[in-house]
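> Sequence:
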Amino acid sequence: MGIHTKVKTDIEIAQEAELKPIKEVAKSIGLEEEDLEFYGKYKAKLSYETLKRLNTKPNGKLILVTSINPTPAGEGKSTVTVGLGDALSQLGKKTMIALREPSLGPTMGIKGGAAGGGYAQVMPMEDINLHFTGDIHAITTANNALAALLDNHIHQGNELRIDPRRIVWKRSLDLNDRALRKIVVGLGGPSQGVPREDGFDITVASEIMAVLCLATDLQDLKRRLSQMVVAYNYDKEPVTAGDLGAEGALTLLLKDALKPNLVQTIEHTPALVHGGPFANIAHGCNSVMATKAALKLADVVVTEAGFGADLGAEKFLNIKTRAAGFQPDAVVIVATIRALKMHGGQGKSELNQENLSALRKGIANLQKHIESIQQFDLPLVVAVNRFITDTENEINELFQWCAEKQIPVALTEVWEKGGKGGLDLAEKVLKVIEQSNHSFRPLYSLEQSLEEKILAIVQSIYGGKGVEFSAKARKQLKEFEENGWSGLPICMAKTQYSLSDDPEKLGRPRDFVIHVRELLPKLGAGFIVALTGDVLTMPGLPKHPAANQMDVDEQGRAIGLF
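Just so we're aligned: the sequence shown equals residues 1 to 562 in full-length UniProt numbering.
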């Protein structure tokens, strides 16, 4: 890349790429036209009949891509996931990729999309980052249908004796809108309903998103939906969606959204893009059904979990593997020199300057995530996602550290070179899978108490010394035990920027305490959420939202979408 070469944007690269009709991509993994439900030429859903037929096939190998704690400098985890998939395809492996669907909130806000970048993207990128096949809209509708049924039940006589002060089900919208965090509904007199406080979550934080992603088939989806706790009655007993008789209608609204979406990369590697719970407030993994289908269709599957290994990977390994009945054969931890330097104290505006001292300090963050993955007894490879500003000295420093620790490491240049830039990583991943005699083990057993599970995550994954529960959380621990919910896994809601619950503490903080302020029962999803810090379930927009740069040309093509 010459100094004066104009670097193309992701959308320019995407719009210049030539896509194959999705039926041709499907043929490469043994699927015929009748196996698909088409959404135009380049997108399709797998039919229920196809998914059922695949169940009898053996599983391929599964590679989980995670990363260090993210920074504003960027890590490129989705980009490495896509590039690794393309590299494995180039090595002649029958490969598929399984990714989450982007949420419109971050797409229109600050974070950007989630379709990869450069020459390692899933396509059609514009569709995937916007409305795609309507899955997230279906979840929004199902979520709000349940809210409407709940308020209507109270208005029509409240047979279930629901306490309006103890309603936990919120409405949802797939946009960042801070004005909707706390609202009052039912104003205007008796015919408008019963006035009460309410609020909105972003759709991807809805329990319905987690339920859809952990369901194994349509019947399991219906069962899980019926178990969702929506409120408590005057005796402080839980009221579920099933008590309201809502699960049938919700399942009907979600019957198409449950089917995984088939798309392709720029290099035509097949990809299933399905489901998208956030990893800081939910479990951060694409759907069980998509990952399972990919494992049946391909010899090697590359998937990712959201944010750093302290969030997405921990939840993949303690929650998703239990729901799905599979586990990864290897883990890739993505790091960048830039992000490591930020973790070592270098300011964002100075990252283009070589700084070996900051890099050495920042490597402590990577080391903690390596140790965390090793606790699950899984083989791993570090992928150093190269940026043009990285110096040879910095790259050598990081590689030397990995060599001293006997950690396999590969430089990836997939943003610039596509699959070709990930060949070394692909070869190293295949090698650790071949040589592995590891036997995966979760971090905690479901028989442990909720408090013990939270402490295990805090001490083993975050490196903290303990947990402080608020008076409310202590009370809930007791109540949840009495309700028979203590056998569920834990889903920690925590900032993604730090191993602690303080987003300012970068690198590898030590001797910190995690503060759990509240617990939320997500019985449909099958986990208990522990809220820490100030994690918001409805984000706000930044001062200059990405949406302000977006437009459309006369041909209807997107402009400014990354």
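Don't take every hint at face value.
[Unchecked claim] Calculated lysine to aspartate or glutamate pairs in the DMTMM-like style (CA-CA distance at most 20 Å, straight line): (1) K23 to D35; (2) K505 to D534; (3) K420 to E554.
Don't read these hints as lab results, they were simulated from the structure.
> Against each hint, give a clear statement of whether it holds in the structure.
Cross-check of the supplied hints:
With a C-alpha separation of about 10 Å, the suggested pair K23 and D35 falls inside the 20 Å cut-off, and the hint holds. Under the criterion of a C-alpha separation no larger than 20 Å, the hint pairing K505 with D534 is consistent with the structure, at around 14 Å. Proposed proximity of K420 and E554 is contradicted: the alpha carbons are some 35 Å apart, above 20 Å.
In this structure, the one hint that does not hold is number 3.
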